[in-house]
Amino acid sequence: MLSKIVRTVANQLILFILIFGLYVIAHGHLTPGGGFQGGAVIVSGVVMLLVAFSSKELKKSLRERTLSIMESSGALIFIGLAFAGIGIVFFYNFLVGTPIFGRIPATGPGPGDIWTGGFIPLMNLAVGLKVAAGLSAVVLAMALFSSGEEIEE
Amino acid sequence: MMEYIPLNFPFLAAALLVGISFYILIFKRNLIKLIMGIAILASGVNLFLVALGYRAGGNAPIYTDVPEGPMVLPVPQALTLTSIVINVAVLALMLTMVILIYRHTGSLDSEKSRKMKG
Amino acid sequence: MRQVTGLIVLLVVIAFLVSGMLLFIHPFGYPPSDMDDYIIENAQEETGSNNVVTSVVFDYRGFDTLGEATILFAAVTGVLLLLRTVKRREESS
Amino acid sequence: MIESPSGFWGPVVWIIAAIVALLIAYFIQRRGEKAYKKGVQSETFLMGNPKLSEGETHVKAHNIYWGFFEGLKKYYVPTITAHTGIINDHLIWLIAGIAIVMIILFVAGGI
Amino acid sequence: MAALITHSPILIIAIPLLAAFLTLPIGMASKKARNALLIVSLAFVTFLVIILARDISINGIHIYTLGATSPELTLPGGAMVPIRIILEVDAMSIFMGIIWATVSLAAAIFSLSHMASETGQNRFYTLLLLMVTGGFGMMFTGDLFNLFVFLEIASISGAALIAFRTRFADAVEGGFKYIVISAVAGLIFLFGVGLLYAQYNSLNIGFLANAMQYSTLDIIALTLFLVALTIKTGMVPLHMWYPDSYTVAPANITAMLVITSHACMYAVFRICFSLYGITLDATTVGWIIVIIGLLTMFVGVTMAVFQTDVMRFMSYHAISQMGYMWMGVGVGLAVLGNPEALATYGRDAISGGIFHILNHAMYKPLLFMTAGALFHRTGTRDLNKMGGLGHNMKFTLILYIIGTLSIAGIPPLNGFASKFLIYESVYQFNPVLAVVAMLVSIITLASFTKAFQSAFTGPQLPEYKDVKEVPKPMLIGMGILAAGIIFTSIFPGLIVERIVNPATDALINQAAYVNGIMGGGMP
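So the protein lines, in turn, are chains A, B, C, D and E. Note that numbering that gives the first Met the number 0 has the first sequence beginning at 0, numbered continuously upward. Note that numbering that gives the first Met the number 0 has the second sequence beginning at 0, numbered continuously upward. Note that numbering that gives the first Met the number 0 has the third sequence beginning at 0, numbered continuously upward. Note that numbering that gives the first Met the number 0 has the fourth sequence beginning at 0, numbered continuously upward. Note that numbering that gives the first Met the number 0 has the fifth sequence beginning at 0, numbered continuously upward.
Derived by calculation from the structure, the hints in this document are not laboratory data. One thing to keep in mind: the hints can contain errors.
Cross-link-like lysine to aspartate or glutamate pairs, in silico, EDC-like; alpha carbons within 20 Å at most [said to hold, decoys possible]:
id, chain 1, residue 1, chain 2, residue 2
1, A, Lys-59, A, Glu-148
2, B, Lys-116, B, Asp-64
3, A, Lys-55, A, Asp-112
4, A, Lys-3, A, Glu-63
5, D, Lys-59, D, Glu-69
6, B, Lys-32, B, Glu-110
7, E, Lys-384, E, Glu-468
8, B, Lys-111, E, Asp-169
9, E, Lys-464, E, Asp-381
10, B, Lys-32, B, Asp-108
11, B, Lys-114, E, Glu-462
12, D, Lys-59, E, Glu-462
13, E, Lys-467, E, Asp-381
14, E, Lys-384, E, Glu-462
15, D, Lys-59, E, Asp-381
16, E, Lys-393, E, Glu-468
17, B, Lys-116, E, Glu-462
18, B, Lys-116, E, Glu-468
19, E, Lys-471, E, Glu-117
20, B, Lys-114, E, Asp-381
21, A, Lys-3, A, Glu-148
Using the sequences and the accompanying hints, generate a full structural model.
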């Protein structure tokens, strides 16, 4: 556990890191970025919390069981979206042309439109959830293990 | 358009990174250094992949407010992204195992921490 | 002995790789691009996404991404599996 | 039935042959000594020495084929020393393999 | 049913994946439901593999384009390049698929009671299912980068499973060696993929085979592929990590790891025959494979005689048996450019090598599982400490004898049938090779006799007086494989005719593989 200044700053900063991560995830189909990158940004916030507070402290609010379930559900959403197109072909982009995320942008350079991309934004969200939960579970588990704490099954 | 580069410097750099990592893999006995060597090998391969897709004077392949001009190839970038994530996963697992090896044997040296031979 | 052998094979491999990179590969910045040109031209229509890299990652090569997510899942599962607690292990064995 | 360039293989013939051989063996065994005494003849007899306990009569794994290893010492000692079990050595072999195969392929390809 | 067959390539890969993602949430709720999910999903996959195999034997190569508007659409919109990832399942792929489905089902049933006393079972089964996915992906994919991805899935889950018994220091060491070798081999493989992509701007095996010129960069890439994949199969002299890793894993995982190494072997065949094919300098590569195969055979078996750890002993035998396959297929590869020799003995040599894969994939997992059964009851892997176990473990004894006779090539068991094909055809290529192969077979029998003598025979040791027979699920798992061995022994002609020869022809016939993607664009 570090000094009070560090902890206070970390408390304030985590919000911005989370928002930035979510922005990167949500705009993955328009700007550089995507699920993996945004998830990694969020995990960097978790690592910051881990440094500022101790792993023991963090364990109270961030349980590994929850993280595991979050990760599994992210993976399930991803593979479920892939399965949803199996009426035609596995991984068929079935949302293009429908009201949800279905608009097709004009060919060539142009301003982005958030309601485009078919299932890509949804997959970005699923992957972001998965990466954030999974990598934070890894970091947390390593910190807990090296400090001799018990890790949940 | 950029000038033509006579030597393929990025490819050369990738090959040299691979060479450096091979040097580490052969000569460094410390397990953490070994893992660093694998990370450098991964960087070399990733640099090679991403350099394959560069087109002289190209823009990033994102249509949102892109200036006029050719675009660099998107597929190598996607491959690099995949490869980076794979390497993160592998490194996490390797580091975990090194932690456990250190717990069991009290040594990070690849010769002293080995139990099996022959 | 080990040092000398190691150095020799290292130099041979580096020599092959460097010569391959210098002499035989396409000039940097001018790659062959049949597949990628098709993707750059058609990505907006087919996937509706402005970011071509994302459309490659999640649509054209989406199966690779599923595999990649699976690898991450496997690694996380593996790490949590290997770092099971010492206490509970002793009880069972 | 498998056909090969210079022969064939059918397991059924072999199974029939094995059954015939077993029957012959059974008949020979039936013609044997009927006055076999269980208590006396199944005892371990070791040159008149006192009887060993049960665990000691079992030949341990590392004693089997001892002569084979003694005779082939010239082959076994360097081979076993080469299996160091150090991860770096495995990787040296990997990189050496790349070097050797590359040289062979380039020499054979005439480049 | 037609839709099921159309989608079966992807379902075979995706169903274990879905089950793996579901294992953790379900396993937290109920153990029984988790075990049922495991077995049901694997059994369903086996069913799908069988119906797909039937379809392939009737209709030929099965193509599945992921994400296109129809599964057969490989070249969309007038493009001359395949854009998307394509799964291409031919007779050789489905041959490997049948093996993998059977062995993984048997291993899963075996692990139900073998693992019953361990902690962390939810994650164990998750990783087991992921490994199944990785193996199927490697076998079915027609895309080089996708092959790399699935190779990594199989390696990572395999490494974590090898190190599963973290209470032993050597288990973690074996897992670490496996993951380091896999990571380095995977990255070298990826470098080779990059070299091919740089020249032809594609990742599809069929397209690359069509455009292949065997330039200097192609030769470098070929070297990287060969070495990276052969180290994963444990070819001498790149085998030294192999016994270390395979020894310490739980026996059911070792049984599955054997098949993942066969999958890497399959990838080598795919690269040599289908990717490089006619442009390949087949004689040189064939001879390299033959000579290293010979070395693999001999060093593997002589090292095995020396071992006293039962799992390590069997790992060295696994290495040694791989030599037969390399030799058979290597002889076929060496005469690939010579149609006359190929027809006389080359095709039979390849058939022998491939048939030996099938046999090895049945008896080696069976033997590893019997070793696991011994470990389950005695708690040790050291043959010096065992003895007299045949008195109490009668079924294990019988299964062990079946496996031993099969691996040593004693007629009429199936090991002999494939070795017979190899001897006969290799003898016509070069008699020395066949003689060494027979010698290795003799030493194999001798060393298995040693293990049999020290583990099962002899008087009952006092410390193992109340050892019991292993539980039923373990016996069922082993029994599936033993039944396969007996079936193959009695009907070798049927198996060779229906399964092995189509696989051989699929390997040799590069044009058919390319046509599957390019629709008749073969030069």
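Here's how the hints hold up against the structure:
1. Our distance criterion of 20 Å between C-alpha atoms is met by Lys-59/A and Glu-148/A, whose separation comes to about 12 Å.
2. Taken as a hint, the Lys-116/B and Asp-64/B pair is broken in the structure, with Cα atoms around 60 Å apart against an allowance of 20 Å.
3. Note on Lys-55/A and Asp-112/A: the hinted pairing is violated, with a Cα-Cα distance of about 44 Å set against a maximum of 20 Å.
4. Only pairs whose Cα atoms come within 20 Å are accepted, and Lys-3/A paired with Glu-63/A is rejected, the gap being roughly 26 Å.
5. Annotation: proposed proximity of Lys-59/D to Glu-69/D holds, straight-line Cα distance about 17 Å (limit 20 Å).
6. At roughly 14 Å between alpha-carbon atoms, Lys-32/B and Glu-110/B fall within 20 Å of each other, so this suggested pair holds.
7. With a CA separation close to 18 Å, the supplied pair Lys-384/E and Glu-468/E stays within the 20 Å bound.
8. Distance restraint check for Lys-111/B and Asp-169/E: the Cα-Cα separation of roughly 13 Å lies within the 20 Å cut-off, and the hinted pair is therefore satisfied.
9. As the CA atoms of Lys-464/E and Asp-381/E are separated by approximately 18 Å, the hinted pair is consistent with the 20 Å bound.
10. About 10 Å separates the Cα atoms of Lys-32/B and Asp-108/B, which keeps this hinted pair within 20 Å; it holds.
11. This hinted pair does not check out: Lys-114/B and Glu-462/E have alpha carbons roughly 27 Å apart, beyond 20 Å.
12. A threshold of 20 Å between alpha carbons decides the hint, and for Lys-59/D with Glu-462/E the separation of about 15 Å falls inside it, so the pair holds.
13. Between Lys-467/E and Asp-381/E the CA atoms are separated by roughly 19 Å; this keeps the pair inside 20 Å, and the hint holds.
14. As the CA atoms of Lys-384/E and Glu-462/E are separated by approximately 10 Å, the hinted pair is consistent with the 20 Å bound.
15. Distance check on the hinted pair: Lys-59/D and Asp-381/E sit about 10 Å apart at the alpha-carbon level, within 20 Å; holds.
16. Simply put, Lys-393/E and Glu-468/E have alpha-carbon atoms about 7 Å apart, close enough for the 20 Å limit, and the pair holds.
17. Distance check on the hinted pair: Lys-116/B and Glu-462/E sit about 28 Å apart at the alpha-carbon level, beyond 20 Å; violated.
18. Proximity of Lys-116/B to Glu-468/E is assessed by CA-CA distance (about 32 Å); at most 20 Å being required, the pair is judged violated.
19. Using a Cα cut-off of 20 Å, the hinted pair Lys-471/E and Glu-117/E holds, with the two alpha carbons roughly 18 Å apart.
20. Straight-line distance between C-alpha atoms of Lys-114/B and Asp-381/E comes to about 15 Å, which keeps the hinted pair within the 20 Å bound.
21. Note on Lys-3/A and Glu-148/A: the hinted pairing is violated, with a Cα-Cα distance of about 24 Å set against a maximum of 20 Å.
Of the hints listed earlier, those the structure fails to meet are numbers 2, 3, 4, 11, 17, 18 and 21, in rising order.
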